[in-house]
Amino acid sequence: MLALLIYSFESGVLLQVPVSSIPVERVDIERISLRPGEIIANLVNSGATDVEIAQLQVNDAIWGGTVSPSNVIPRLGKATLSVQYPWIELEPVKISVITSNGIKFEGEIAVAILTPEFSLQLLYVFVLIGIYIGLLPVFLGLGWYPILKSLSARWYDFFLSFTVGLLVLLGVDSIKEALMMSAEAPAGFNVTLLVVFGLLASFISLMTIGGSAISSKSGVARRGLALAYLISLGIGLHNLGEGLAVGAAYAVGEIALGAFLIIGFMTHNTTEGIAIVSPLSSEKTSLKHILAVGLIAGAPTIPGALLGGFSFSNLWASLFLAIGAGAIFQVVFEVLRYMADSRGVLSIFGDLRVFLGLTLGMLAMYSTSLLVTA
Amino acid sequence: MKKSRRDFLKIAGVTGMTTGLAAIGIFGNQTVRAESSTPIGSTPAHGLHAGHAAGVKAPQSQAPHVIDPTSFLTNFEQGKFVTLENGESVREFNLVSYPSLIEVASGVKFPAWTLNGTVPGPTLRCIEGETVRIRFRNGDAHPHTIHLHGIHPARMDGVFETVEPGQEYVYEFTAQPFGVFPYHCHIMPLTKHISKGLYGTLIVDPKTARQAAREMVMLMNGFDVDFDGENEFYTVNGIANYYTDYPIQIKVNEPVRVYLVNMTEFDKINSLHLHANMFWYYPNGTILTPTEYTDTVMLCQGQRGILEFSYKYPGRYLFHAHQSEFAELGWTGIIEVSE
Ligand SMILES: [Cu+2]
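Chains as they are written, first to last, in the numbering used here: chain A, -15 to 358; chain B, 2 to 340.
Only chain A is shown next, with the shape it has when bound in the complex:
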């Protein structure tokens, strides 16, 4: 049967679908780096067909360059364009490649500065960035644990609601960023759908795993601890994506991590630490566990910043932010379920402490987010 089918196509017995004379070409310029007198651009063919890069324009003028390994890029293949060009510091650089079919694709650096090359010192810088924006703030948040614990048990619901408020906004923010970055990712990979997939897949998997782990059979203390671990996992995934993005932005000179911004990140991400320890405030928790949740939540910014700094991809950053968002929403669900306990989920609303907690949690996340935006 199959042989017959192949034969029919090969021999032209069957009517073939006519091939469009204009192939759908698409080339994405993923990353542009600058060396003295040289521009390096990473090209990705994300179109439906092989493309031949025939011409090059720099700042809208015809220029010469080389494409490695070849100026013919196979579908979903990559190539590196190297251009000897006297780019001017602090001015924009625009690269346009034109395919043999006359289709033009552009990439731009808004403010040209030398791209930092890999070195031990740069490695150290990225680790430092990771610590500053992730690990340190999360532990600062965890430091609130004794304060939370010293408060009356009546405030427990308040802090759990506060956590929910924080997490909801963090999750929404993650989705927003994942979608924004997916728009910049190579179109051939359909990253927007990948974001939706990552979001739902992580939500569903954690429902499956987490749901059984925090089954109501275990004691209250165990559930609080399990919740803390779940929250830190969700935040850790989010921070991996955030680290990727910050590292990349730093590497291409789009950001200057000045003191003001570092403090902004610290304040902002400190709320993440508070979110983690809230479920623990009604119970005695060993330092070992506190350290563990802190590391799970805060440490991923370090590999994130490193990866982002040296080989950034909008695709991976989008995916990790989406997975993080899914995890965060799953945690929101778990915390609400935990609070509801025997009462039923809807019954937790109507409690003034819950209302205050949710509102203040959202306000805290919103207002600290202003510190890291314009």
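Please note that a few of the clues may not be correct.
[Unchecked claim] Which residues of chain B face chain A? A few of them, derived with a C-beta cut under 8 Å, are:
no.	residue
1	THR39
2	ILE41
3	HIS143
4	LYS193
5	PHE228
6	GLY230
7	THR245
8	PRO248
9	GLN250
10	ASN254
11	PRO256
Please keep in mind that the hints were generated in silico from the structure rather than gathered at the bench.
From a predicted model like this one, the values you see are computed outputs, not experimental measurements.
We treat Cβ as the ideally placed atom computed from N, Cα and C, and that holds for glycine.
Dock chain B with the ligand against the given chain A, drawing on the hints supplied.
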């Protein structure tokens, strides 16, 4: 992440970032080369040198230089005469290029590449048949040339003889024909080298001088202050709307001669319209009889000519580009005619 954060950071200070990185010395120099590669396109062969000071951090500008369009309007550099060993007398000009932060509209600074500190560069003036020397020293971090219009040998054309940073080149030629000419740098990428400000006016007077008149130079240009390939400001003699704030003073019936040059980058044409009057127009100033009696003239980049007119009635009169867009972006001035 965070487009918004990145945007913020751009404002927060790119310079801080650069200096920060430089301070901890993380700029490496390694170059990775792939095993195979395919050349594409072609780099313009002329006016670009292998040793182009690319990606070099521009030196800090000398003190911010402010052009004074009022004096620039009527300032014609005569150069100085030097006598050669063979007894020949040569008119010599000095041009030096260097970067400077100049004011192009009230309060707006532009990191320009200047000639003798201003954009436009000085107006050079000589007489037909004279031997002229332009001693050009490149004090900028990028290579430049002085490309001249008019008739001269190839080596005096300022295209292939790149003048590297710190170097000097002497352009020597017989001034011919008479007329008004632009001069400008001719290094690739040309758009960049011109839009950064390396140009000016050269006037070659006929052997028999033109009739006495109140003479002025008007060089029309634009400034792309955000480097997006479009001009944000249009000016005559370097500062947007300058002559609206400080009108040009003339007398009733006083003969006026304007040497008009268009060096506007990015836009196809520029123009001049004189209010409540007509002028005689001499394209390129290379003939002594006017070709037009008009109130508007249109010039493409590099085109130029001479206008002659006088005002019959006292009062304030506008002159501006007759593209309203340019007029509203700085290319407007006032002539004040008094008794
Ligand atoms: Cu130049």
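Comparing the hints with the structure gives:
At about 4 Å, the closest approach between the beta carbon of THR39(B) and any beta carbon in chain A falls short of 8 Å, and the interface hint on this residue holds. Checking ILE41(B) against chain A: minimum C-beta separation of about 5 Å stays under 8 Å; hint holds. Interface hint status for HIS143(B): upheld, as the beta-carbon distance to the closest one in chain A is roughly 7 Å, under 8 Å. Hint status for LYS193(B): holds, given a least beta-carbon distance of 7 Å to chain A, under 8 Å.
With its C-beta approaching chain A no nearer than about 5 Å, PHE228(B) sits inside the 8 Å limit, and its interface hint holds. Among the interface hints, the one on GLY230(B) holds; its C-beta lies about 6 Å from the nearest C-beta in chain A, closer than the 8 Å criterion. A distance limit of 8 Å between C-beta atoms decides the matter here; for THR245(B) the minimum to chain A is near 30 Å, and the interface restraint is violated. At a threshold of 8 Å, the smallest CB-CB gap from PRO248(B) to chain A is about 35 Å, leaving the interface hint violated.
Evaluation of the GLN250(B) hint against chain A yields a violated restraint, the C-beta minimum of about 39 Å exceeding 8 Å. For ASN254(B), the suggested interface contact is broken, since its CB lies about 49 Å from the closest CB of chain A, more than 8 Å. Taking 8 Å as the C-beta cut-off, the interface hint given for PRO256(B) is violated, the closest approach to chain A being about 44 Å.
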